[in-house]
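Protein chains in written order, with the numbering used here: chain F, 1 to 701; chain A, 1001 to 1259; chain W, 2001 to 2424.
By construction, these hints were calculated from the structure, which means they are not laboratory data. Check before you lean on any hint, since a few could be wrong.
Below, in silico cross-link-like pairs of lysine-lysine (DSS-like), each with a Cα-Cα straight-line distance of 27 angstroms or less [to be verified]:
(1) A:Lys1147 to A:Lys1097
(2) F:Lys444 to F:Lys457
(3) F:Lys498 to F:Lys444
(4) F:Lys444 to F:Lys497
(5) W:Lys2414 to A:Lys1035
(6) A:Lys1003 to W:Lys2414
Label-pair restraints from in silico Cβ distances [unchecked claim]:
(7) W:Ser2149 to F:Phe602: 16 to 26 angstroms
(8) W:Asp2090 to F:Val308: 25 to 35 angstroms
(9) W:Ile2193 to F:Leu357: 15 to 25 angstroms
(10) W:Val2400 to F:Val318: 49 to 59 angstroms
(11) W:Glu2111 to F:Gly664: 30 to 40 angstroms
(12) W:Gly2407 to F:Asp212: 50 to 60 angstroms
(13) W:Gly2045 to F:Ala206: 24 to 34 angstroms
(14) W:Ser2286 to F:Gly651: 42 to 52 angstroms
(15) F:Leu53 to W:Phe2043: 27 to 37 angstroms
(16) A:Asn1176 to F:Leu357: 48 to 58 angstroms
(17) F:Ala206 to W:Pro2066: 46 to 56 angstroms
(18) A:Glu1123 to F:Phe317: 55 to 65 angstroms
(19) W:Asp2121 to F:Ala206: 56 to 66 angstroms
(20) F:His394 to W:Asp2166: 33 to 43 angstroms
None of the values given here were measured: they were computed from a predicted structure. Ideal placement from N, C-alpha and C gives every residue a C-beta, glycine not left out.
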Amino acid sequence: MKWTPPRESVPTLRLTPAVRAIFGLEIRSLLRDVRTVLISVVLPVLLLPALFLASSWMEDQRVEREEARTYRFAVTGADSAFAASLMDQIAAESGEEATDRRFLPVRTDDARAALERALLDLYVETLTPQEWEAVEAADTLNLEMPDQYAGARVFLIRFHSSRTASREGADRLREHLAEVRTARRDSMLVAAGFPVDPEMVAVVEARNVATDQAVQGARLGRFLTLILMGLMLLGASAVATDTLAGEKERGTLTTLLTTAASRTEIITGKLLAIVAVALAIALIQILNLWVYLGLGIIDAGAGFAVTVTPTLALSLFVLFLPVVALTSGVLLLTSAHARSYKEAQLVLPAVILGMSLPTLAPFLPDLSLRSAIMLVPIANVAVGVRDLLIGQVHGPSLLVAWLVTGAAATWVTARCIRALHDEELITGDTSREEFLGGPDLFRKRVIRWFIVLWAVKVLVDFNLPVDDLRVAVLVSVGIVFLAFPLIVIWHFRLDPKKALALRMPRPGVWLGVLLGAPAGLVAANFAFQLMDFVLPVPTELVENFGQVLMPETIPVWQLVLFLALVPGIVEELTFRGVLLHGLRRRFGPVGLALVVGIIFGFFHFQIFRIPATALLGVILTAVTLLSGSIFPAILWHTLNNGLAVYLGARGVEFGGESWWWAVGSVLLLALAFWIIWRSRTPYPDLRSPQPDRDLDDRDPD
Amino acid sequence: MNKPPVRTQGLTKVFYDDNRGEVRAVDQVDLTCQKGEILGLLGANGAGKTTTLRMLSTVLQPTAGRAWVMGHEVRDEPERVRGSLGFYSASTALYPKITPRETLRFFARMNRYPSDQVDDRVEELVRRFRIQDYADTRVEKLSSGMKQKVSIARTVVHDPPVLIFDEPTVALDVLNAIELRQFISQLRGEGKAILFSTHIMSEAEQLCDRIAIIHHGEILATGTLDELRETTGLHYLEEIFVRYAQVDDPVQAARENLR
Amino acid sequence: MALRQIWTLYVHEVRSALRERSILVGSILIPLVMYPALLWAGFAGLSFVQGQADRLTSRVAVHGLPDAHRSLVDSLEANGRISVTEWDDDPATGRERVATGGLDLLVQFREASEGATALDDNFRVTIYYNAAQDRSRSARSRVESTIDSYRRNWINVARQDLAIPDPVWADFAMARDDVATIEESTRFLLAMIVPFLTLIMVALAAFYPAIDATAGERERSTWETLMTLAVPRSHVATAKYLYVATFGAMGGLLNLVALTLSLRWILQPLAGADAQELAQAGIPLSTLPVIALGTALLGLFVAAGMLVFAIFARNFKEGQSMITPFYLVVILPAIFVQSPDIEFSTGLALLPVVNVALLLREAIMGSVPVLPALITLVSMAACVAVAVIFAQWVMRNEEVLLGASEGGLWSFLKRRIGNGRAAT
């Protein structure tokens, strides 16, 4: 439905009487809703310490059990007498602590069977070097022996990993044996005339120079934002879902919208109410925890020893403000887009998950605020909070982070105000598309269908046997991406020619594609390297991926067929076919190229492949939009993959890190696009730049 | 120049309907309503009454055409428009958790009533509508008759010059409906401009100074009851309505076939 | 006849539920889509972190390095991710730099302590690090392991000079062999997570249907229509009950299916090179009947409990807040059952919900102890029966039936018991 932007869509924070009235109404309504207060305030107040208590009880139990645990062992093999004496030594030498007397010898004739039947927790099989070689040759264990031990006798500790006592015993035994071995070696050295106690050679001692405050701050800073976000969501979500979605359900929204208050005032008042509730509940819970900590009911874990000065508290408060505003805004937006309380509740879990995810950023080790994370709302503040608590703040980055999250909050608020102008959302009418189905409905549902396709693709990829690349590609690419467009076309009764853009382009386009494809490959390769600066990728991962993709057993022509031609055709049908067709009226041409490209990127699951494939996706979408046809994109895609496979199989390195390659490829790409532009036949039925106002033109005024 | 408080010109609303595709719910509607006048919008369900009134109260945006309330254009000055009208319908519910007194105070503030006079105004309405007994009981505990009184008081709390009643009697019992109608006449006496939509013929006959017959989104006739009687030669409003609605039917059907 | 009526009502409920979007999403879509999405996010995050760590260069300053040990710096630099500078200034300023984060480590070489000087060129090292900084801590471990291998190398050379032969020096090597098969490891892992997830999913999947079957009817004002039908009210209640239980159990089973589909990927890091063998890993087929039975019991129990609470709700919101406490109480025990050390004793078998979770765990591990299993069955059946009888008793009340009852289960009980006392 057409929507002309209202002049009141930029949120401004003015506390007009109407804003205050709405704020008061919301708070009053919440406080009088006993059941909601019970669930979102009282229940957590009781539950939170209960959880802490329970988990610490569980931990105590675990430790107690672990301390009481004994490990029943046996010794077998040629050198069993020697091993047994070592075991005695382990028990005797460190006998001061009860924990170390826990290896109990058990007599058994068949240790293996006893281990299987849980009569033993583990046994040490002593092997002569020859026996070990035999075991190694049989290659059943996947074990490698460091060179320094070549020719030594081997103690093979056999255990059963699905039993706690066995797993734990094996770990401990290994440690103890290593200690014993070191001690034996030391005495060997001394006996042979080594001048000093070997333990005194090159002694390393580590000293921490950070203050306790900083260390505790680092610990607390990791999860402070996460906890706060959790508490805020806990309290604010009930108010937020009730406020707009609930009003629609009860019919009070119309009453509200016919008052003189502007939409901006309504949203501002409601947002402030949610912010207040979120803050209040977070505060209550923190006080609650603090009281329990003070009373000693909960064990004060590490991280609570940070002294909070007024300045620190104030800085934290200021830092968290945009986070609170953004969280509240997202909740309100969710509520605004739901037709009823129930609908709002339904999407709430996804919203909660989505909002909590960025708060995990400080858990990433070695993540500095002076990186791309600075531009990710919430995550940036979370990292900033951690830095603040450590006491090492990079001012400019923190300011940028604060502004970015604040801007996101403002944007979300503006979206809420827009939602109050959306007539379909206000009146709750079902749209014509939903009733009739068909092509128009597809335009509405296209994103949803692609989400499901994505999940299906993940599941298929996860469950494919990796044995044969050809079969894997045929199923996970060929069948999935061929079946999807066919199902969509059948289900929404689309016209295949239109949906798949099966039109002939003008001949000049082909020349552009032939020039552009190699240039695009180099450019994408370069983009991949650029990306590596921002988002470094484990090299191991890339190498493994290459090995999976380029097995040496398959002839090159087959690789080209399965990795270039098949994806080239079917992926285009899916993305530049039905996806582009479905989205064509939702964005302008530039937006389309970006959105289709990025969605295409996300279908290449490995995170390091996403940017490069997204770039290819953007290029291919642009080609389709310019030529009005899918065939040039198919050719381009096939050429791109084919070249990559061929060069990869030949071991040709291209591009490297030379800037000349980058500049040259971009220039060539520009030339290719210029040629395509010259012989363009634009994609039909795109959204016109201006919303059509044909009815307004007939205004009789 | 004596501008009428409510005026629409070529007001049109197009939306998508489940069955019929693109529908002109309201098509080129021209209306005026003077001070101290009750204009009745008479039409069957789905004729476009509610859509027209929702556009006047700026809940919906007109697809084309214009409308002015107290000289303010609905698209240019939506807040001023809403500030000068009171909107009452079966779907304008009350907040369940607050009391009638709080409700009135809330809506007075929302409608920019001078804040120093809010309390006096609220007390005045509490007395006038005789809701003293339950003015401090939560709305969710009131009976439907009590709720109705609060709802009407809510509509006029900011003393608006224009009042819109969208099928107000639809869910009321006989006694409550009579009381409401009496109150609307009273408001006319105070010089308010009142738009009143209904599909009940007797109600329109009884209450309205002028009647606009609306059918399939179009105004088929406007006039006082006597004028309508004169033009059609029929006496009962029901007959007059059926005449207008049916005369157009073949044309309407043809138009629909063309779509 | 009665069965047929119940069947008709049941089919009616299920059919409308399957056309309800919220129920489809909550009971079917979420269990199916959750794992792929979570897995992907997990792997993407993992490779991001790994990439970050790979790329990070530790900034290490070395102070007072003895000339004899120049090669130590070479082996530090050979790491590739350690950049070493010589620190000639006052070590105190160097420590300051480490404290403010300008430097990751200060490695200060000292004379060997007394009694250790007999070895030529022996030294001591103090590593100043910043425990508040991740990168400083990882720098510390990188440097420490390099120095450690340098030290071992040094001693090894000395050992060769002292003519201790290789086999004597090696003494003995150690290797470990896990005799558990991939299948057993898989079962172990599954036994940790499946009962927990099944319980949560059953409760989640029954949640919306329970509200839909009660408050939903009232919101749509179809409740009275239903009450005027020519069928006994107990049949209506039974049909609704079965409907909620079906959806709960179905959610649990679908979750298992989805989990099995995603299993290989979860287990891959565990299995390492034996990825091929994973194809056979999974929940043993022989235990499926037990798992199905357990899930069904859970479904029946959860459905009965939820309906008792939800019957008082007049709209969705009320229903939700009435059920939530019960929901929490039901899924709470699941947290404890995850611990592998809790034994499935006859005592625990009496405890509803917990016993089913334990039963599921044992079944996945491959052995079902007969006595606790039987006790579980009886205990759950008794609970279900009590809940159903209670629900029927509540439903007999007219106020409840007409939706005129104020408040939830709690205030209803207070009123009923209060009245009972007043009457006698």
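Flag every earlier hint the structure violates by its number, smallest first. When the structure is compared with the hints, numbers 5, 6, 7, 11, 17, 18, 19 and 20 turn out to be violated.
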